[in-house]
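Undergrad: Single-letter residue listing:
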Amino acid sequence: MTQLFLLFANFQLQLIAKVVLGAVLAGMACSLIGVFVVHLKVTSIGFSMSHAAFAGAALGLLINSYINFDPIISATLFAIGVALLLGPISEKTRLNSNVVLGIIFALTLALGFIFLSFLPSGVVSSEAVQILWGSVFGLDTIDFLLLGIINIVIILVLIIFYKEFIATMFNKKVALAAGIRVNFFNFLILFLTALTVSFTLKIVGALLVYALIVNPTSTVYQFAYDTKKIFLFSPLVGIASAVGGVLLSFLVDFPVGSSIIIVSSTIFVISVIFSPKRKRRQKEKSLEFIKRENDEVAIEHLSPETNMGVAKE
Amino acid sequence: MHFDRESFLTAINANIQLTSQRNNSINKIKFPYNDLIVKLENVDTVYEGERIPTLHKVSMQVSKGELIFIVGPNGAGKTTILETICGILPISKGEVMVFGLSVKQEGPDIRKRIGYVIQGLEFEPNEPFLVKDVVMIGRSGLIGLGKRIKEADWEIVRASLQAVGMEDFWSRPIGKLSAGQHQKVMIANALAGEPELLLLDEPFANLDINARQEIYQLLLKLNQEAGVTILCVSHGSDIPKEVNRVVMLRQGKLVLDSNRITAVESKIYRAFVELSASEA
Ligand SMILES: Nc1ncnc2c1ncn2[C@@H]1O[C@H](COP(=O)(O)OP(=O)(O)O)[C@@H](O)[C@H]1O
Ligand SMILES: [Mg+2]
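Chains as they are written, first to last, in our numbering: chain A, 1 to 313; chain B, 1 to 280.
Treat each hint with caution, since some may be false.
Below, in silico cross-link-like pairs of lysine-lysine (DSS-like), each with a Cα-Cα straight-line distance of 25 angstroms or less [stated by the list, open to error]:
| # | chain 1 | residue 1 | chain 2 | residue 2 |
| --- | --- | --- | --- | --- |
| 1 | A | Lys277 | B | Lys39 |
| 2 | B | Lys39 | B | Lys64 |
| 3 | B | Lys150 | A | Lys229 |
| 4 | B | Lys176 | A | Lys229 |
| 5 | B | Lys176 | A | Lys173 |
| 6 | A | Lys173 | B | Lys132 |
| 7 | A | Lys173 | B | Lys267 |
| 8 | B | Lys253 | B | Lys39 |
| 9 | B | Lys147 | A | Lys228 |
| 10 | B | Lys221 | A | Lys172 |
| 11 | B | Lys104 | B | Lys221 |
| 12 | A | Lys173 | B | Lys39 |
| 13 | B | Lys221 | B | Lys132 |
| 14 | A | Lys172 | B | Lys150 |
| 15 | B | Lys57 | A | Lys228 |
| 16 | A | Lys229 | A | Lys277 |
| 17 | B | Lys176 | A | Lys228 |
| 18 | A | Lys41 | B | Lys132 |
| 19 | A | Lys173 | A | Lys41 |
| 20 | A | Lys18 | A | Lys173 |
| 21 | A | Lys173 | B | Lys147 |
| 22 | B | Lys39 | B | Lys132 |
| 23 | B | Lys57 | B | Lys93 |
| 24 | A | Lys229 | B | Lys253 |
| 25 | A | Lys173 | B | Lys93 |
| 26 | B | Lys64 | A | Lys172 |
| 27 | A | Lys172 | B | Lys147 |
| 28 | B | Lys176 | A | Lys277 |
| 29 | A | Lys229 | B | Lys39 |
Treat the hints as calculated values from the structure; they're not laboratory data.
Produce the complete structure using the sequences and hints provided.
TA: Below, the structure is given as structure tokens:
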């Protein structure tokens, strides 16, 4: 009996360790990508890409119900497709890419649900739920491998091209003027976003992976004026959110994706409340108010004299 | 006067040893050109989505070491011509050569040797970039793709900031500065790339009289002592006496291109001055 219990506990522990590792990797990749996505104000790109990946994964599940097939492959292909589509669009200044993104978003979501509706009911539906909401179960070795690889690739690319990315993020024209190939680096970001979204799909879920991309950087933005600090702290917040979310989902049996987003949103709200940037803004406002009040007082002091002056004349 | 790296660094008081720097990628970039630094031939520039070209049949040549003022009313195409020269805007007709190379083909490499100060850049108060990093961006192309930033690069960034009187703002967030200070930082950004050709789009806007004078003296020094070729857009009507040449644009066409004295006395220039006076 105790042996059975120990075996069970051991199994649980292994599962937790595995899932925490997955969460760390997913949190790190997503939040590093998030630094670009948030700063370049292309949050809708992350959004559309995660839904494209969802559609791809749904198609993959459909294929998998006939032949052995990993849905990550089709998810990745769909997300890269969006990157290829958006690359040229983001170069154009005239075309409103948000309109295009809106269409992609709706279309891929529709496609995803059509694919799901063709799935044979029963066993497979749990996998469908997994790609939508994320799950800590059913993560294979290959999933961990992909997560590890994408983290290494992102970090390497970041280290090698740090100054090029800083230039690209700062201002497109200034970067171009310095001789940086801005379009190439923008595309590189889109491409890495596509891979990150696809590889974190299983653990976080298609519907919420986008928030794990955006929330950590948005949190760090409340504190930091220095790009280097944003690149250092965003992954920390991302990892904390992902690990916290996974533990929460163990405790209360929420879907992982939802738990991660609850944790990361909570961190964000707390950071906004304690943001020195926001406080400074309020302080500036109140100083302005005091100044204005003083001015008004001064005017009041002045006015009787002026009146007197007028009266004397 | 030829561009000379040593005199450039002296002009901005950069305190670095040139010999220890010889292996830096900047010395490897050599362009096969003579004295003609910029050549525009029958150039049409069309903005994306527009049908009528903004610049029309513009031809112009700039020799090494010239100090040129580009004037003209709002919307004349002054900004457009600068961005055409450095290849940020694509041309639909004609040819643009800079340093003897086609801008269409060699854009990024050409821009590494050009400093471009964009007109009236504004930043959000929370922009997460420090002044030193913003200035370093102007040097990032020159340092080379994937190459690390070295101590000597920071020294040139520091000298560039000092040249515009902004060294005290080294690690301030860019968003916390005034419009005039932004302007100075962006001039330092252009200088940090050790440009052979400097394109400035209304660099004196947002600056008070003293700062204008200081920046102008700096440009003069770069031009006269380091041989930097300068094209400066100015919508003001007073043109300093050191300026070699005045180019005037109107409705996308080059309507005047001559030396300063002839330009200032010309009918077309006086009409422009009267027009800007009546607008002010
Ligand atoms: N992005 C753009 N798209 C379309 N037209 C533009 C764009 N930018 C400028 N223009 C037009 O090109 C003309 C020249 O603009 P510009 O070169 O900025 O003038 P200037 O710098 O002399 O004031 C103007 O008529 C302006 O309306
Ligand atoms: Mg202009």
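Undergrad: Each of the hints needs a verdict: does it hold here or not?
TA: Outcome of the hint check:
Distance restraint check for A:Lys277 and B:Lys39: the Cα-Cα separation of roughly 48 angstroms exceeds the 25 angstroms cut-off, and the hinted pair is therefore not satisfied. Distance hint between B:Lys39 and B:Lys64 is fulfilled; the C-alpha atoms sit about 11 angstroms from each other, no more than 25 angstroms. Simply put, B:Lys150 and A:Lys229 have alpha-carbon atoms about 20 angstroms apart, close enough for the 25 angstroms limit, and the pair holds. Simply put, B:Lys176 and A:Lys229 have alpha-carbon atoms about 17 angstroms apart, close enough for the 25 angstroms limit, and the pair holds.
Of the pairs offered as hints, the one joining B:Lys176 and A:Lys173 holds, with about 21 angstroms between alpha carbons and a cut-off of 25 angstroms not exceeded. Only pairs whose Cα atoms come within 25 angstroms are accepted, and A:Lys173 paired with B:Lys132 is accepted, the gap being roughly 18 angstroms. A threshold of 25 angstroms between alpha carbons decides the hint, and for A:Lys173 with B:Lys267 the separation of about 36 angstroms lies outside it, so the pair is violated. For the hint linking B:Lys253 to B:Lys39, the alpha-carbon distance of about 16 angstroms falls within 25 angstroms, and the restraint holds.
Straight-line distance between C-alpha atoms of B:Lys147 and A:Lys228 comes to about 17 angstroms, which keeps the hinted pair within the 25 angstroms bound. Restraint check: the Cα-Cα separation between B:Lys221 and A:Lys172 comes to about 30 angstroms, which exceeds 25 angstroms; the hinted pair is violated. Restraint check for B:Lys104 and B:Lys221: the C-alpha separation of about 31 angstroms exceeds 25 angstroms, so the hint is violated. Distance check on the hinted pair: A:Lys173 and B:Lys39 sit about 22 angstroms apart at the alpha-carbon level, within 25 angstroms; holds.
At roughly 23 angstroms between alpha-carbon atoms, B:Lys221 and B:Lys132 fall within 25 angstroms of each other, so this suggested pair holds. Straight-line distance between C-alpha atoms of A:Lys172 and B:Lys150 comes to about 24 angstroms, which keeps the hinted pair within the 25 angstroms bound. Restraint check for B:Lys57 and A:Lys228: the C-alpha separation of about 46 angstroms exceeds 25 angstroms, so the hint is violated. For the hint linking A:Lys229 to A:Lys277, the alpha-carbon distance of about 15 angstroms falls within 25 angstroms, and the restraint holds.
Between B:Lys176 and A:Lys228 the CA atoms are separated by roughly 18 angstroms; this keeps the pair inside 25 angstroms, and the hint holds. Among the hinted pairs, A:Lys41 with B:Lys132 is consistent with the structure: their alpha-carbon atoms are about 23 angstroms apart, no more than 25 angstroms. Using a Cα cut-off of 25 angstroms, the hinted pair A:Lys173 and A:Lys41 holds, with the two alpha carbons roughly 16 angstroms apart. With a C-alpha separation of about 45 angstroms, the suggested pairing of A:Lys18 with A:Lys173 is violated against the 25 angstroms cut-off.
This hinted pair checks out: A:Lys173 and B:Lys147 have alpha carbons roughly 21 angstroms apart, not beyond 25 angstroms. A C-alpha spacing of about 34 angstroms is found between B:Lys39 and B:Lys132, which places the hinted pair above 25 angstroms, so the restraint is violated. Restraint check for B:Lys57 and B:Lys93: the C-alpha separation of about 8 angstroms stays at or below 25 angstroms, so the hint holds. Distance hint between A:Lys229 and B:Lys253 is unfulfilled; the C-alpha atoms sit about 48 angstroms from each other, more than 25 angstroms.
Simply put, A:Lys173 and B:Lys93 have alpha-carbon atoms about 22 angstroms apart, close enough for the 25 angstroms limit, and the pair holds. About 28 angstroms separates the Cα atoms of B:Lys64 and A:Lys172, which puts this hinted pair outside 25 angstroms; it is violated. For the hint linking A:Lys172 to B:Lys147, the alpha-carbon distance of about 20 angstroms falls within 25 angstroms, and the restraint holds. Simply put, B:Lys176 and A:Lys277 have alpha-carbon atoms about 11 angstroms apart, close enough for the 25 angstroms limit, and the pair holds.
As the CA atoms of A:Lys229 and B:Lys39 are separated by approximately 44 angstroms, the hinted pair breaks the 25 angstroms bound.
The structure does not agree with the numbered hints 1, 7, 10, 11, 15, 20, 22, 24, 26, 29 stated previously, though it agrees with the rest.
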